[in-house]
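The task is simple: from the sequences and hints, build the whole structure.
Mapped onto this note's numbering, the consecutive letters of the sequence shown carry residue numbers 1 to 139.
Just so you know, the hints here were simulated from the structure itself, not pulled from any lab data.
Quick caveat, the model's predicted, so the values are computed rather than measured.
Note that beta-carbon positions come from the ideal geometry of N, C-alpha and C, so glycine has one too.
Errors might be hidden in some of the hints.
Pair by pair, the computed Cβ-Cβ distance ranges are [unchecked claim]:
id, residue 1, residue 2, range
1, T80, A16, 34 to 40 Å
2, I6, R115, 36 to 42 Å
3, P106, R42, 18 to 24 Å
4, D24, P134, 25 to 31 Å
5, D46, T127, 15 to 21 Å
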Amino acid sequence: MDVAEIWQRIVAAFRAYEPGFSFDPGASEAQITACERALGVRFFADYRASVALHDGSPGFYFIDQAEFLSLAHVVDLWRTNLEIARDLGPTIEGSPIEQWIHVVGPIRAQYWGRRWIPIARTGSAGTVFLDLEPLDTGA
1 MDVAEIWQRI VAAFRAYEPG FSFDPGASEA QITACERALG VRFFADYRAS VALHDGSPGF
61 YFIDQAEFLS LAHVVDLWRT NLEIARDLGP TIEGSPIEQW IHVVGPIRAQ YWGRRWIPIA
121 RTGSAGTVFL DLEPLDTGA
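Structure representation (structure tokens):
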């Protein structure tokens with residue numbers, strides 16, 4: 001099943017509960033490329049295809065009760081995380097936030113990485129990231 005088919009199923013499921021529901025329109029290739037350039041990364045093909053179909057879900061939560069971020073919000077949140085990470089230092093060990101962050105699985109023990117791309121945000125400030133710098137045991 002490709003990304004477009006998955007999105008068709010997601011939209012159909014939402015419309016079953018709210019007939020007039022719709023996600024934001026997709027981003028253009030130029031917008032996707034500009035976002036990649038701003039972040040210094042190249043997105044996975046599936047994520048590129050996803051935002052080309054629907055660039056965010058403002059005010060509507062779905063991914064584990066999270067709002068799917070538009071590319072503009074991805075860049076804003078990425079820049080905010082960059083500023084915070086500069087203040088906190090390279091790792092969470094011994095930092096003021098160590099008590100709140102619990103690393104599970106093959107992920108770096110740090111507050112944030114430059115190649116962690118925020119794609120969704122919960123109402124309680126939790127963030128879902130694409131990890132474009134996984135450890136050797138990650139994927």
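Which hint numbers does the structure go against, in order from smallest to largest?
Number 2 only.
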